[in-house]
Amino acid sequence: MNIKDRHDYDVVIVGTGISGAVLAATLTKAGKKVLMLEAGLNAGMYMDVNGSYTTYQGYLDTFYNAAAKVPNSPYPDLKNAQSPNVLNLSNKTPYSSPGYFVQEGPLPFASENTRIPGGTTMHWLGTTLRMLPNDFKMQTMYGRGVDWPFPYEEMNKYYEMAENEIGVSGNVEELKMPNMGENFFSPGYVFPMEKIPQSYLDHKLMEKTEGLKVNLNNKDYTITCISTPQGRNSTPNKKYRIQGVRWDSDTKELKLYDYSDPKEEYQPVASLWDPYTGERCEGNASCVPICPVQAKYNALKTLKKADISKLNIITQAVAVSVIVEDFDERNINGVVYKQYDNQHSAEYTTHVAKGKIYVLACSAIENAKLLLASKAANSSDQVGRNLMDHMVMLTWGLTPEPIYPYRGPGSTTNIPTFRDGEFRKEHAAWISPLDNWGWSWPTGAPGSDLTNAMNSGLFGKKLREEMNYIITRQFLLHFECEQIPEEGNRVTIDDRYLDRLGNYRPILHYSASDYMKKSFEAAQKVSEQIFAANNIENKTLYKPTDADYVVYKGQQYTFFGAGHLVGTHRMGTAPENSVVNSDQKCWDHDNLYLVGCGNMPTLGTSNPTLTMTALTFKAAEAILRQLENQ
Amino acid sequence: MSTYFKSDKPRSANDPERQKLVPEHLMDIAPRPDACPMDIKTLHGLLQYAIHLELTTIPAYLTTLYSIKEGTNEASSIICRSIAVEEMLHMVMAANILNAVGGKPHITSAETVPAYPAELTKLCTPFPINLEKFSQSSISTFMEIEQPHALPKHHCDKICFESIGDFYNTISEGMKYLEAEASKRNTTIFTGNHKLQVTENEYYGAGGKLIAVYKIEDALIAISEIVGQGEGVDGSIIDPDSIFFHQDVEYAHYYRFKEIYCGRYYCEQDKPHENPNGEPFPVDWDAVHNMQLNPKLSDYKVGSELWNNTYEFNKTYMALLENIEKACTGNPKILRDGIGLMYDLKYKATALMNMPTGNLDNDGKPLMAGPTFERI
Amino acid sequence: MEEKDNLPLFSKISASLTGFSEMELWGTGMMETYYNYVMGKCGESSPTKLDLEYFFEKAKEIYLGDNNDENWIDTQIQTWIFPPTSYGGLAQLIITLWYTGNWGLGFNGSPISAQAYVQGLIWNAGETHPSGAKQPGFGSWNIPPINIKK
Ligand SMILES: Cc1cc2nc3c(=O)[nH]c(=O)nc-3n(C[C@H](O)[C@H](O)[C@H](O)COP(=O)(O)OP(=O)(O)OC[C@H]3O[C@@H](n4cnc5c(N)ncnc54)[C@H](O)[C@@H]3O)c2cc1C
Ligand code: SF4
Numbered sequence: 001m002n003i004k005d006r007h008d009y010d011v012v013i014v015g016t017g018i019s020g021a022v023l024a025a026t027l028t029k030a031g032k033k034v035l036m037l038e039a040g041l042n043a044g045m046y047m048d049v050n051g052s053y054t055t056y057q058g059y060l061d062t063f064y065n066a067a068a069k070v071p072n073s074p075y076p077d078l079k080n081a082q083s084p085n086v087l088n089l090s091n092k093t094p095y096s097s098p099g100y101f102v103q104e105g106p107l108p109f110a111s112e113n114t115r116i117p118g119g120t121t122m123h124w125l126g127t128t129l130r131m132l133p134n135d136f137k138m139q140t141m142y143g144r145g146v147d148w149p150f151p152y153e154e155m156n157k158y159y160e161m162a163e164n165e166i167g168v169s170g171n172v173e174e175l176k177m178p179n180m181g182e183n184f185f186s187p188g189y190v191f192p193m194e195k196i197p198q199s200y201l202d203h204k205l206m207e208k209t210e211g212l213k214v215n216l217n218n219k220d221y222t223i224t225c226i227s228t229p230q231g232r233n234s235t236p237n238k239k240y241r242i243q244g245v246r247w248d249s250d251t252k253e254l255k256l257y258d259y260s261d262p263k264e265e266y267q268p269v270a271s272l273w274d275p276y277t278g279e280r281c282e283g284n285a286s287c288v289p290i291c292p293v294q295a296k297y298n299a300l301k302t303l304k305k306a307d308i309s310k311l312n313i314i315t316q317a318v319a320v321s322v323i324v325e326d327f328d329e330r331n332i333n334g335v336v337y338k339q340y341d342n343q344h345s346a347e348y349t350t351h352v353a354k355g356k357i358y359v360l361a362c363s364a365i366e367n368a369k370l371l372l373a374s375k376a377a378n379s380s381d382q383v384g385r386n387l388m389d390h391m392v393m394l395t396w397g398l399t400p401e402p403i404y405p406y407r408g409p410g411s412t413t414n415i416p417t418f419r420d421g422e423f424r425k426e427h428a429a430w431i432s433p434l435d436n437w438g439w440s441w442p443t444g445a446p447g448s449d450l451t452n453a454m455n456s457g458l459f460g461k462k463l464r465e466e467m468n469y470i471i472t473r474q475f476l477l478h479f480e481c482e483q484i485p486e487e488g489n490r491v492t493i494d495d496r497y498l499d500r501l502g503n504y505r506p507i508l509h510y511s512a513s514d515y516m517k518k519s520f521e522a523a524q525k526v527s528e529q530i531f532a533a534n535n536i537e538n539k540t541l542y543k544p545t546d547a548d549y550v551v552y553k554g555q556q557y558t559f560f561g562a563g564h565l566v567g568t569h570r571m572g573t574a575p576e577n578s579v580v581n582s583d584q585k586c587w588d589h590d591n592l593y594l595v596g597c598g599n600m601p602t603l604g605t606s607n608p609t610l611t612m613t614a615l616t617f618k619a620a621e622a623i624l625r626q627l628e629n630q
Numbered sequence: 001m002s003t004y005f006k007s008d009k010p011r012s013a014n015d016p017e018r019q020k021l022v023p024e025h026l027m028d029i030a031p032r033p034d035a036c037p038m039d040i041k042t043l044h045g046l047l048q049y050a051i052h053l054e055l056t057t058i059p060a061y062l063t064t065l066y067s068i069k070e071g072t073n074e075a076s077s078i079i080c081r082s083i084a085v086e087e088m089l090h091m092v093m094a095a096n097i098l099n100a101v102g103g104k105p106h107i108t109s110a111e112t113v114p115a116y117p118a119e120l121t122k123l124c125t126p127f128p129i130n131l132e133k134f135s136q137s138s139i140s141t142f143m144e145i146e147q148p149h150a151l152p153k154h155h156c157d158k159i160c161f162e163s164i165g166d167f168y169n170t171i172s173e174g175m176k177y178l179e180a181e182a183s184k185r186n187t188t189i190f191t192g193n194h195k196l197q198v199t200e201n202e203y204y205g206a207g208g209k210l211i212a213v214y215k216i217e218d219a220l221i222a223i224s225e226i227v228g229q230g231e232g233v234d235g236s237i238i239d240p241d242s243i244f245f246h247q248d249v250e251y252a253h254y255y256r257f258k259e260i261y262c263g264r265y266y267c268e269q270d271k272p273h274e275n276p277n278g279e280p281f282p283v284d285w286d287a288v289h290n291m292q293l294n295p296k297l298s299d300y301k302v303g304s305e306l307w308n309n310t311y312e313f314n315k316t317y318m319a320l321l322e323n324i325e326k327a328c329t330g331n332p333k334i335l336r337d338g339i340g341l342m343y344d345l346k347y348k349a350t351a352l353m354n355m356p357t358g359n360l361d362n363d364g365k366p367l368m369a370g371p372t373f374e375r376i
Numbered sequence: 001m002e003e004k005d006n007l008p009l010f011s012k013i014s015a016s017l018t019g020f021s022e023m024e025l026w027g028t029g030m031m032e033t034y035y036n037y038v039m040g041k042c043g044e045s046s047p048t049k050l051d052l053e054y055f056f057e058k059a060k061e062i063y064l065g066d067n068n069d070e071n072w073i074d075t076q077i078q079t080w081i082f083p084p085t086s087y088g089g090l091a092q093l094i095i096t097l098w099y100t101g102n103w104g105l106g107f108n109g110s111p112i113s114a115q116a117y118v119q120g121l122i123w124n125a126g127e128t129h130p131s132g133a134k135q136p137g138f139g140s141w142n143i144p145p146i147n148i149k150k
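Residue numbers (my numbering), protein chains in the order written: chain D, 1 to 630; chain W, 1 to 376; chain R, 1 to 150.
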């Protein structure tokens, strides 16, 4: 029987990133039959020892050979299912080439996702902070953005599920964040693994930064530094007792369950190909774009846990649209996809995948694009709107003593001080991760340092000494500023812009409001005070050639994308103001769910994937309820 | 349904299912009726020798492994690496046992750190163990080290051991005897401080489970793990780890070296005395750094670059051994820093193997320096 | 001229240009690869075959003469070899190759092979390791880099 023609799937999921994978694993373990469609190459899907090893070594080799080691550099550049790439960025908007995104501007949208099996988690950094309680009520508290349809408290259970699935390393006791309230974590809660050791440079910087008093717009703040929870392997925490998540068909709930045997304990999930590789983070310092040992979480680890007798995956299958049934627009009747045999050829065949329930899990921009292409789920006119990202302003400087960067995971410590406060009425909040990888992001160091040193006439021993001097003292600070939802920041489609398979390319409209600009100015003031306290010589240099910058009160501020594609099909309280309800089901359709960061009404100051994964467990629960009630 | 998943999910080390798989007879703690008497000092001595024994093989295996040129001989590299890593596990387990029975492991002493060519003098027929590049000669030495032997006839006036299996068996029997004697007096020989044990938490990423030893059963399992991984048990070629632990089937060391020697994998039906009959794999004996045999610091002029680099290598080696010694004598957590040293050792060894000594081999090819693993 | 004739000179001049000793350079395992690569790359356009010939001629003068004084050698290199205007900019290309594994300066460069990237000396100079290779082990970033000197 041709598997493509089978109609007996309970759920069809488009996308095998973390959102699709969590759904597939949860639903199949509850006995449901699932079909997944994946745009990326077949080889990327292998999960057996030899297959996964070979594919992954191929990625690694491509990475080594890449001139610019950007997030998408290890992964195949598919003409049939393109991924955006930061290398295509320019400040000369509008432009439609090169690249996948059509950038209408005024600013180019600088973040990207990856279309391969496993999705963007293959090259994410893995930071897994929770959102803060006030992030869920921005409108009520600060008159900005919108409130979520439910408060933080309702998320706790799902956060615990997400932290179990991703395998978070962290220290609950150290996580003191603004206005987090009494019951932020369940009593006695710990993460699956102990915290990832903080870097040497974290410790050096904390000496003078922890407890530092800074003044911002006539108000005093005390800076704190905390270790950052993250999805990479560390020493298992003996106190962690949660074994996993399962569907309880009696109470119709997803439940966390504990290890029954006291001898059992959490086991770090190692690489796909070898249970002894990647049991711990080995400090490759290349988490973005690729963790050579897979100590860092990626979505294939979740997919591998699915009940494979209930799962079918079709790769090289690019979804084109969902079919909205004519006589009753409330039903979706299939996903149209184009399957290509060969990445080097534009030939494809068209198919329809069918199931009882459909889920789009293609990441925010692609999800919105598919809905627009299908003329589905858009009675609110909110599809594609409210695109958000963290606008990352960077400041960098030279420390007086060596701090030995370029070692360890990207970031192991953050400053949570400005994640929440009254100032959110005036300007955006931010989180400040301390960066472990020197100036590589903004300047292309250490390669650029070599060029500079040679240009100033250095060679031989002097050159070597200069390189040692400069590389060991590079400090970089992030200000990841929370973008608030704005209707005009959006994804659209147009028949003029199609890709090689004839699918729509997303058109992006993007700008930074005064609310954001003010936060850049404020962040600079804080940066200045931190640098001064640490005797750091400021080397920050923004250039008019930078891809994304704004000018505010005569000052240029350059920012980067954080890779956080959020908000294009927001969740809300009513069909008029949002695309999905709090179960993440489309208001307009009875059997279409959306998962991914596109659902998030606001962004908060945490990297979005943990929260999104928590929401995905919530969606899985809703889908199981719906299936069992049918 | 889906073809993307082939291999079994690995079992967690603490999975009770996995623990059920430990064969009953290994839990038999009763000494044989004709057990040879032993005193605790002798047992300590034997366990210390076990550390020495493992520490003799590790540098030899590592040297051979590092001599393989990057990106070549992939199958052979994987085999050599996994065996070297298991030997390290064995060494730490031997230290765990020694700690458990109230001894004190020495890792850095002159008696423990071998000089190459080395000999295991407690064997009745010792043979030289070299620091030698990947070659048929080095692999056959390794097969000789790991060669399975039937246990010799039981007798109590041994002055040497027929094989490594015989040696470890003597330890097991000695422990059973001593423990039985102790229990008659309502005590135990497992008096060691529990805090001295290195546990799985500090030691990860190795081929097999690190067993912390608190009682005779743990000690016996640890030993059977050491012997089983080396020579295989009961005439089968499958390492007990795979029976206990349901890993993808792994063969005991002897057979894995033999696979390299023959350029062919074993398959599950193969008999121990036969050559492997599974899939062939390529072995390129020439894709190897042409390292000189048993290099020594004293081969080079003091202060010369080769001398400096070799000296630095040995410094790193000693730092690693000191780290392990500290970890096994009260500070298990420190082992984490040792991992960095291990990696550093590898990078330094490979660098040495790329440095020409200026001498030529018999075929006129330039000879390279190499790791010397000397106690300095 | 035998292809390999100038290898010892290449080794010497590479050491003077990079500040790494000859043995350190050999230790990367890249010496012959780079030598052959440079020989192959110099051709019609700059740096040309002729540039390369003059480059080695000059190197011969510097290293095979009687003067072994390091300062003198440095001055010679500074004057004759290092300037971007000398020999089609060969010196800086060679430095970049050793430091980064790239052929080409700055953003114009890309690694000549995966191994070249991994063996880049820029990481050694900065007391770290290439991102994505030569992993230093769990927790290693928590303490200063291992520095075992005599
Ligand atoms: C550099 C970088 C660093 C990041 N770091 C962090 C971090 O530290 N913390 C954090 O929380 N988040 C981080 N993120 C964000 C995080 O990676 C994403 O939020 C997350 O991976 C999104 O998961 P997803 O499953 O929704 O989508 P994706 O992972 O993007 O998966 C989408 C899947 O759908 C498939 N697909 C797409 N279109 C189609 C189609 N038309 N038909 C069929 N299949 C399709 C894709 O191939 C892919 O498999 C980072 C992102 C980047 C770029
Ligand atoms: S630091 Fe290295 S080992 Fe750790 S997660 Fe990142 S890439 Fe993987």
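FYI, nobody ran anything at the bench for these hints, they're computed from the structure. Where a beta carbon is used, it is the ideal one built from N, C-alpha and C, also for glycine. Careful, some of the hints might be misleading.
What the hints assert, rightly or not - The calculated lysine-lysine pairs, modelled on DSS-like cross-linking and capped at a C-alpha distance of 25 Å, are:
id	chain 1	residue 1	chain 2	residue 2
1	R	K12	W	K301
2	W	K315	R	K58
3	W	K365	R	K134
4	R	K12	D	K462
5	W	K333	R	K134
6	D	K238	W	K326
To be verified - Beta-carbon label-pair distances, calculated as ranges:
id	chain 1	residue 1	chain 2	residue 2	range
7	W	G263	D	E207	54 to 62 Å
8	D	T349	R	S45	40 to 48 Å
9	R	P83	D	E422	58 to 66 Å
Please check whether T349(D) and S45(R) have a Cβ separation lying inside 40 to 48 Å. Holds, since T349(D) and S45(R) (Cβ atoms, about 47 Å apart) stay within the stated range.
Straight-line alpha-carbon gap K333(W) to K134(R), limit 25 Å: Holds, at about 23 Å.
Distance restraint between K238(D) and K326(W), which requires alpha-carbon spacing of 25 Å or less: holds (24 Å)
For the pair supplied as a hint, K365(W) and K134(R), confirm whether the alpha-carbon distance does not exceed 25 Å. This hinted pair is violated, its Cα atoms lying about 29 Å apart.
Is K12(R) within 25 Å of K301(W), Cα to Cα? holds (20 Å)
Are the Cα positions of K315(W) and K58(R) separated by 25 Å at most? Violated: K315(W) and K58(R) sit about 40 Å apart, past 25 Å.
Could you see if the CB distance from G263(W) to E207(D) stays within 54 to 62 Å? holds (57 Å)
Assuming the hint says 58 to 66 Å, is it satisfied by the Cβ distance from P83(R) to E422(D) or not? Given a distance of about 59 Å, which is inside 58 to 66 Å, the answer is holds.
Taking only the CA atoms, is the gap from K12(R) to K462(D) under or equal to 25 Å? holds (17 Å)
Hints 2 and 3 from the earlier list are contradicted by this structure; the remaining hints agree with it.
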